[in-house]
Amino acid sequence: MKAPNRNDRSTRYLNPYLGGVLLGLLLLMTYFITGRGLGASGAVKSTVVATVNEITPEYAHRSNYYSQFISDDESPLNTWLVFEVLGVLAGAFLSGALAGRLKLKVEHSPGITAGTRLVAATLGGFLFGLGSQFGRGCTSGAALSGSASLALSGFLAMMGIFGTGYAIAWIFRKLWV
Amino acid sequence: MGPLIPQGIIDPAWNNVFALLIGLAFGFILESSGFSSSRKLAGVFYGYDFVVLKVFMTAVMVCMIGLLYFDYMGWMKLSSIYILPTFLYSVIIGGVIMGFGFILGGYCPGTSFCGAVIGKIDAMFFTVGLYLGILFFSVLYPVFEKIYHAANLGPVQVHDLIGIPAAWFAFAFLVVGLIAFFVVSKIEARAKKIEY
Chain D
1 MKAPNRNDRS TRYLNPYLGG VLLGLLLLMT YFITGRGLGA SGAVKSTVVA TVNEITPEYA
61 HRSNYYSQFI SDDESPLNTW LVFEVLGVLA GAFLSGALAG RLKLKVEHSP GITAGTRLVA
121 ATLGGFLFGL GSQFGRGCTS GAALSGSASL ALSGFLAMMG IFGTGYAIAW IFRKLWV
Chain R
178 MGPLIPQGII DPAWNNVFAL LIGLAFGFIL ESSGFSSSRK LAGVFYGYDF VVLKVFMTAV
238 MVCMIGLLYF DYMGWMKLSS IYILPTFLYS VIIGGVIMGF GFILGGYCPG TSFCGAVIGK
298 IDAMFFTVGL YLGILFFSVL YPVFEKIYHA ANLGPVQVHD LIGIPAAWFA FAFLVVGLIA
358 FFVVSKIEAR AKKIEY
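Chains as they are written, first to last, in this note's numbering: chain D, 1 to 177; chain R, 178 to 373.
These are calculated hints, taken from the structure and not from any lab test.
There may be inaccurate statements among the hints.
Claimed, not checked - Just the calculated beta-carbon pair ranges, DEER-fashion:
#, chain 1, residue 1, chain 2, residue 2, range
1, R, TYR246, D, LEU102, 35 to 41 Å
2, R, ASP188, D, LYS174, 52 to 58 Å
3, R, VAL320, D, ASN15, 34 to 40 Å
4, D, GLY115, R, LYS370, 23 to 29 Å
5, R, ASP188, D, ASP72, 23 to 29 Å
As the list claims (entries may be wrong) - Where chain R lies over chain D, by a calculated footprint (3+ residues, C-beta under 8 Å):
#, stretch
6, 71-77
7, 140-151
Ideal Cβ positions, reconstructed from N, Cα and C, are used throughout, including at glycine.
Full structure from sequences and hints, please.
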């Protein structure tokens with residue numbers, strides 16, 4: 001493995017406190033313009049609703065779940081969060097391109113294989129997706145936006161996510177350190 | 178006066194344009210803070226990189242104090258924004274499941290989009306997992322429906338629950354956050370260096 005070079009441009013990141021201040025101001029501005037916070041998992045939910053509605057429209061209309069999000073005159077993809085996430089993709093790509101970080105790779109700890117990493121990543125995504133539905137939002141929509149707006153639910157989501165993370169970190173340490 | 182779109186000060190036709198622009202800034206900030214790397218994100222749980230805690234806590238502090246300031250100045254009432262309702266059992270179950278997802282996957286949804294778009298294949302697999310996890314929930318919704326709606330406390334805010342003014346809570350949060358920044362800087366300095 002190539003020795004990592006600390007002067008390499010691609011490993012240089014924004015000062016975390018500056019990043020936090022910028023993110024906080026962006027979230028504040030989002031509330032001021034739209035009256036709501038930021039989000040991420042909601043866009044994937046819209047994609048799920050749209051595909052299920054496309055494949056089996058009768059089932060989607062019958063279901064208590066999907067029927068909440070479908071209407072006859074609008075695509076389930078026409079939501080604020082879908083547009084916001086399209087912006088996220090563009091913004092992250094731009095930042096990665098400017099920093100020289102665009103590179104196809106499986107990022108994993110030297111202790112595990114790329115295959116193990118991909119299985120764990122898929123499983124982790126599955127659980128995060130499932131959990132975000134119970135939480136009515138993920139780290140962005142529930143923990144970040146919720147806590148910033150002083151919602152009890154936001155603090156509970158934050159403590160649930162990070163508390164569980166710390167509680168089980170040791171068990172899964174082989175994946176990371 | 179605010180929020181601008183719900184109050185009709187900005188035409189709702191601009192909603193999706195703002196969504197794109199806000200998303201653009203969101204993605205840029207996350208990626209440039211290093212949130213496109215799962216090993217950097219997971220550092221918060223193993224003590225070698227606390228970027229998640231630093232960015233997240235700072236953002237919550239800034240926005241929370243900003244919202245209270247806007248409320249105080251009369252620019253935007255705190256009661257006029259969306260407050261996530263608390264469904265006690267559902268949010269705790271969700272938080273615990275998401276905690277497992279974070280440790281196994283190394284990403285959360287927003288950060289996985291950032292990783293995927295700059296070429297992290299593991300982040301792409303994570304997003305496929307997200308899709309499947311949400312599909313799983315939506316198909317089994319009839320099974321989960323009862324617990325999902327149980328113990329509905331409504332849009333309750335944490336300072337109301339404790340019974341103190343919001344500003345006191347924000348101040349306490351600020352103090353706890355600053356102590357946390359100091360403590361993690363000590364832990365980080367002692368942790369074994371991990372290169373990624």
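Hints, verified against the model:
no.: 1; hint: TYR246(R) / LEU102(D): 35 to 41 Å; verdict: holds (39 Å)
no.: 2; hint: ASP188(R) / LYS174(D): 52 to 58 Å; verdict: holds (54 Å)
no.: 3; hint: VAL320(R) / ASN15(D): 34 to 40 Å; verdict: violated (46 Å)
no.: 4; hint: GLY115(D) / LYS370(R): 23 to 29 Å; verdict: holds (27 Å)
no.: 5; hint: ASP188(R) / ASP72(D): 23 to 29 Å; verdict: holds (24 Å)
no.: 6; hint: 71-77; verdict: violated (count 0)
no.: 7; hint: 140-151; verdict: holds (count 12)
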